[in-house]
Amino acid sequence: MKTPKQLAKHLREVYFGGNWTAVNIKDTLADVTFKEATTQIDSTNTIETLVYHLHYYVTLDLRVLEGGPLVGSDKESFIHDSVTSQKEWEDFLEVRYIEAKKFVKSIESLSEETLWKDFVAEKHGNYYRNLAGIIEHTHYHLGQIVLLKKLIRNGN
Numbered sequence: 001m002k003t004p005k006q007l008a009k010h011l012r013e014v015y016f017g018g019n020w021t022a023v024n025i026k027d028t029l030a031d032v033t034f035k036e037a038t039t040q041i042d043s044t045n046t047i048e049t050l051v052y053h054l055h056y057y058v059t060l061d062l063r064v065l066e067g068g069p070l071v072g073s074d075k076e077s078f079i080h081d082s083v084t085s086q087k088e089w090e091d092f093l094e095v096r097y098i099e100a101k102k103f104v105k106s107i108e109s110l111s112e113e114t115l116w117k118d119f120v121a122e123k124h125g126n127y128y129r130n131l132a133g134i135i136e137h138t139h140y141h142l143g144q145i146v147l148l149k150k151l152i153r154n155g156n
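The sequence shown begins at 1 in our numbering and counts up one residue at a time.
Do not rely on the hints blindly, as some may be mistaken.
Unchecked claim - Simulated restraints on C-beta separations:
hint	residue 1	residue 2	range
1	Ser109	Thr38	30 to 40 Å
2	Ile98	Thr38	13 to 23 Å
3	Glu99	Asn126	19 to 29 Å
4	Ser85	Trp116	40 to 50 Å
5	Thr38	Glu76	11 to 21 Å
Stated by the list, open to error - With a straight-line cut-off of 30 Å between C-alpha atoms, the simulated DSS-like cross-links for lysine-lysine are:
hint	residue 1	residue 2
6	Lys105	Lys9
7	Lys26	Lys2
8	Lys75	Lys87
9	Lys9	Lys26
FYI, nobody ran anything at the bench for these hints, they're computed from the structure. These numbers come from a predicted model, not from an experiment. Even glycine gets a Cβ: it sits at the ideal position worked out from N, Cα and C.
The whole structure should be built from the sequences, with the hints applied where relevant.
Put into structure tokens, the structure is as follows:
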């Protein structure tokens, strides 16, 4: 399997299942209510904020893969409007899943050669580094989401 297809597979699996860690975004969030998603424990980020944050970078890179500019900042990756109902929470998630699927398809269509080119500018590294980084970043925050979900449900 070519590298772009491998990367796309890993991203698809962390979002939708089938990876060897046996945990993914969609299944983990399937039974999370908007009240749980917006519950803050001490000074941690909420589940909603973590989902927004981890997907923020998917959105930025997707725009680049579609031929657009790289516009965003780490600071902005935590700034969002909070959902106020279960419907808004479900809609919020659905948008992320649609974008993730689109991102996966965009990655699959990359050439092997493109992966080793600069991602917009040399300072950002190459495409491979950015795409692999998003996958690692997603796994990292998925672990936090799993822990927060357990803590919230245990009343901590």
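Hint check for Thr38 and Ser109 - Cβ pair distance inside 30 to 40 Å: 36 Å, holds
Holds or violated: Lys26 to Lys2, with C-alpha atoms at most 30 Å apart: Within the cut-off at roughly 26 Å; holds.
Satisfaction of the hinted span 19 to 29 Å by the C-beta atoms belonging to Glu99 and Asn126: Holds: the Cβ-Cβ distance is about 22 Å, inside 19 to 29 Å.
Restraint check for Lys105 with Lys9, where alpha carbons must lie at most 30 Å apart: Holds, at about 10 Å.
Thr38 paired with Glu76, Cβ distance criterion 11 to 21 Å: The hint (11 to 21 Å, Cβ to Cβ) holds, given that Thr38 and Glu76 are roughly 20 Å apart.
C-beta pair Ile98, Thr38: status relative to the range 13 to 23 Å that was hinted: 22 Å, holds
Pair hint Lys75 and Lys87, alpha-carbon separation not exceeding 30 Å: Holds, at roughly 27 Å.
Range hint 40 to 50 Å (beta carbons of Ser85 and Trp116) holds or violated: For Trp116 against Ser85, whose Cβ atoms are near 45 Å apart, the range 40 to 50 Å holds.
Hinted pair Lys9 and Lys26, Cα distance within 30 Å: Holds, at about 15 Å.
In summary, this structure violates none of the numbered hints.
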